[in-house]
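Okay, here's what each chain looks like letter by letter:
There are 2 protein chains.
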Amino acid sequence: MYAPGDVRVVDREDPRIIETTDAVIRLTATCICGSDLWPYRGAEPIDADRHLLMGHEYVGVVEEVGADVTSIRVGDFVVGSFVISDNTCEICRAGYQSKCVHADFVHGTVGTQSERARIPYADGTLVATPGMPDDDLIPSLLAASDVLGTGWFGAVAAEAGPGKTVAVVGDGAVGLLGVLAARELGAERIIAMSRHASRQALARGFGATDIVTERGDEGVARIKELTDGLGAHSVIEAVGTQESMMQAIGSTRPGGHLGYVGVSHDVQLPGDELFFSEIHLHGGPAPVRRFLPDLIDRIWRREIDPGRVFDLELPLTDAADGYKAMDQRRAIKVLLRP
Amino acid sequence: MYAPGDVRVVDREDPRIIETTDAVIRLTATCICGSDLWPYRGAEPIDADRHLLMGHEYVGVVEEVGADVTSIRVGDFVVGSFVISDNTCEICRAGYQSKCVHADFVHGTVGTQSERARIPYADGTLVATPGMPDDDLIPSLLAASDVLGTGWFGAVAAEAGPGKTVAVVGDGAVGLLGVLAARELGAERIIAMSRHASRQALARGFGATDIVTERGDEGVARIKELTDGLGAHSVIEAVGTQESMMQAIGSTRPGGHLGYVGVSHDVQLPGDELFFSEIHLHGGPAPVRRFLPDLIDRIWRREIDPGRVFDLELPLTDAADGYKAMDQRRAIKVLLRP
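Chains as they are written, first to last, in numbering that gives the first Met the number 0: chain Z, 0 to 337; chain L, 0 to 337.
One or more hints might be untrue.
[Said to hold, decoys possible] Think about it this way: if two alpha-carbon atoms lie no more than 20 angstroms apart in a straight line, the pair counts; the simulated SDA-like pairs of lysine to any residue are:
#1 Lys323(Z) x Ala42(Z)
#2 Lys223(L) x Ala2(Z)
#3 Lys223(L) x Glu89(Z)
#4 Lys223(Z) x Arg92(L)
#5 Lys323(Z) x Ala2(Z)
#6 Lys223(L) x Met245(Z)
#7 Lys223(Z) x Val100(L)
#8 Lys223(Z) x Glu242(Z)
#9 Lys223(L) x Thr212(L)
#10 Lys323(L) x His195(L)
#11 Lys223(Z) x Gly204(Z)
#12 Lys223(L) x His101(Z)
#13 Lys223(Z) x Ala93(L)
Because the hints were derived from the structure by calculation, they are not lab data. Remember, it's a predicted structure, so these values are computed and weren't measured experimentally.
Whole structure, please, built from the sequences with the hints as guidance.
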């Protein structure tokens with residue numbers, strides 16, 4: 000990305016092993032993330048000298064490994080997290096690989112909207128599938144790399160589970176997969192907040208039992224109406240704006256759990272409202288690596304189909320068109336084939 | 000309280016049973032809370048027509064009960080929460096009595112810096128002790144009413160427990176009893192942040208293993224030094240200012256838990272810092288009622304001595320002097336005897 004709105008597919012230096020813990024993979028598929036729209040829309044700075052290396056969701060085949068890589072082999076089909084992690088430090092062992100002491104974002108450093116990519120800490124970042132996947136599994140495995148893993152973390156952070164009413168703020172791919180995650184985690188009732196018919200339909204397909212079209216204070220009031228005036232036990236926030244956060248806080252009952260995974264932009268949380276809301280708040284960049292083995296397993300056994308969030312597929316060379324389609328909300332999520 | 004700095008002991012209408020769920024108690028002891036200093040210092044408005052009825056921490060003997068009160072009897076010695084609760088609604092049953100559907104703050108409505116008080120929802124708000132307490136137990140039982148219960152909630156919200164390093168921001172009575180709670184909950188290491196020798200000594204007496212005198216960014220850096228650069232697993236925030244909250248957030252490791260119980264004043268939490276900190280945040284007005292049976296039991300068996308936070312005792316008639324002493328930090332906490 001050269002500037003807001005300016006995405007180009009250009010030749011870059013070919014990736015190669017630098018550290019002994021690296022792997023080089025050939026991308027089978029990659030995609031455009033909702034978070035890629037922040038710089039595309041000018042809401043995040045782009046360094047004019049360096050451009051911004053785009054892409055952080057990826058599946059592919061390992062072509063080379065460094066001397067110290069032990070669990071990943073050449074020829075493996077792998078899914079990787081959008082954050083590099085060693086998966087051995089104390090923070091990783093506690094399940095927070097996205098805050099690993101060696102954490103680095105793939106976005107801006109590796110850039111997986113590409114044909115090949117060098118992945119640092121391959122053992123700690125990548126997970127191999129049981130074998131070469133059927134082609135129809137590729138979108139779902141790709142989704143695990145971020146958008147499913149992030150929705151899943153939102154649902155886990157919101158403590159979605161049996162007997163719980165879960166509300167989901169945001170009907171982008173992450174919110175929709177938050178619905179799927181809440182269903183998989185056993186939630187009793189799942190309220191998707193969406194005003195777009197196609198997204199409502201997908202939400203219902205993923206397990207939403209109720210749809211709320213209102214937003215802001217009206218959305219909060221509607222959630223309260225649906226929950227005996229108390230609010231939802233669990234709320235997943237998947238947008239990252241002031242309005243969406245306040246809507247999510249207001250929709251959570253006292254003692255309930257808000258899992259927020261929308262990348263926060265220009266948000267200021269009023270301390271007193273948060274204090275007197277008495278909710279649990281947890282979120283941040285999803286530790287996808289924690290969930291990857293389980294998510295791959297569920298996909299491999301065809302229990303879940305998160306790949307349905309991809310409603311447009313383009314060759315990598317047409318990436319710019321993909322950005323446009325997502326920016327204009329013509330597509331929920333765009334899969335790119337190198 | 001007639002105005003900031005203006006506390007008067009005056010005659011009020013004698014409390015009597017109004018609702019069938021009420022009890023009227025004769026106060027054995029009451030006290031001044033750190034939160035009472037907010038209006039005293041002009042940081043909270045005081046309605047000039049109504050004055051502000053002060054006092055929300057209380058122990059005493061039941062003198063009258065309404066027709067529907069079943070678990071509390073005339074003659075019982077009782078400890079009450081600083082928030083009225085029915086203890087039967089869905090929110091109460093989930094352990095959030097401070098957000099009961101019938102919740103009301105004792106502060107400003109009942110005002111227990113008095114000789115007698117009408118306590119609504121007596122069954123849900125009050126807990127009787129096993130018998131009439133020895134006089135030396137009174138301060139500790141009184142502490143359970145708020146300051147211990149609040150410190151305890153902070154430690155529970157911060158998930159203090161075995162193997163955990165706990166940092167405590169704030170060396171007021173709540174922070175000090177957060178230290179005690181963390182010890183009781185089995186924390187391995189407890190770092191008290193304090194620059195006052197007498198409070199440091201009390202913190203050590205309650206179980207602090209380390210003292211950090213630095214504040215703000217320097218305080219955060221010191222906590223990181225003491226925790227392999229990672230931050231504490233659990234942080235209890237017991238102040239309620241912007242600086243203390245940011246200090247607490249910065250001191251918590253990714254995936255760690257911040258329990259915040261200092262009443263929030265003019266705090267704005269930056270969404271992006273909170274997001275990327277990846278911590279758990281939980282707090283608010285403590286659901287003391289949840290903890291009261293356990294706390295009374297620990298005090299009754301003389302396992303804990305939270306009453307040590309009271310370092311000044313005055314007759315109720317001298318309440319104004321008590322406020323002055325706490326405002327000037329000459330006293331940590333003032334016990335008042337009606």
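Hint by hint, here is what the structure shows:
| no. | hint | in the structure |
| --- | --- | --- |
| 1 | Lys323(Z) x Ala42(Z) | holds (16 angstroms) |
| 2 | Lys223(L) x Ala2(Z) | violated (38 angstroms) |
| 3 | Lys223(L) x Glu89(Z) | holds (14 angstroms) |
| 4 | Lys223(Z) x Arg92(L) | holds (18 angstroms) |
| 5 | Lys323(Z) x Ala2(Z) | holds (14 angstroms) |
| 6 | Lys223(L) x Met245(Z) | violated (31 angstroms) |
| 7 | Lys223(Z) x Val100(L) | holds (13 angstroms) |
| 8 | Lys223(Z) x Glu242(Z) | holds (17 angstroms) |
| 9 | Lys223(L) x Thr212(L) | holds (14 angstroms) |
| 10 | Lys323(L) x His195(L) | holds (19 angstroms) |
| 11 | Lys223(Z) x Gly204(Z) | violated (24 angstroms) |
| 12 | Lys223(L) x His101(Z) | holds (16 angstroms) |
| 13 | Lys223(Z) x Ala93(L) | holds (17 angstroms) |
Hint compliance for this structure: hints 2, 6 and 11 are broken, all remaining hints hold.
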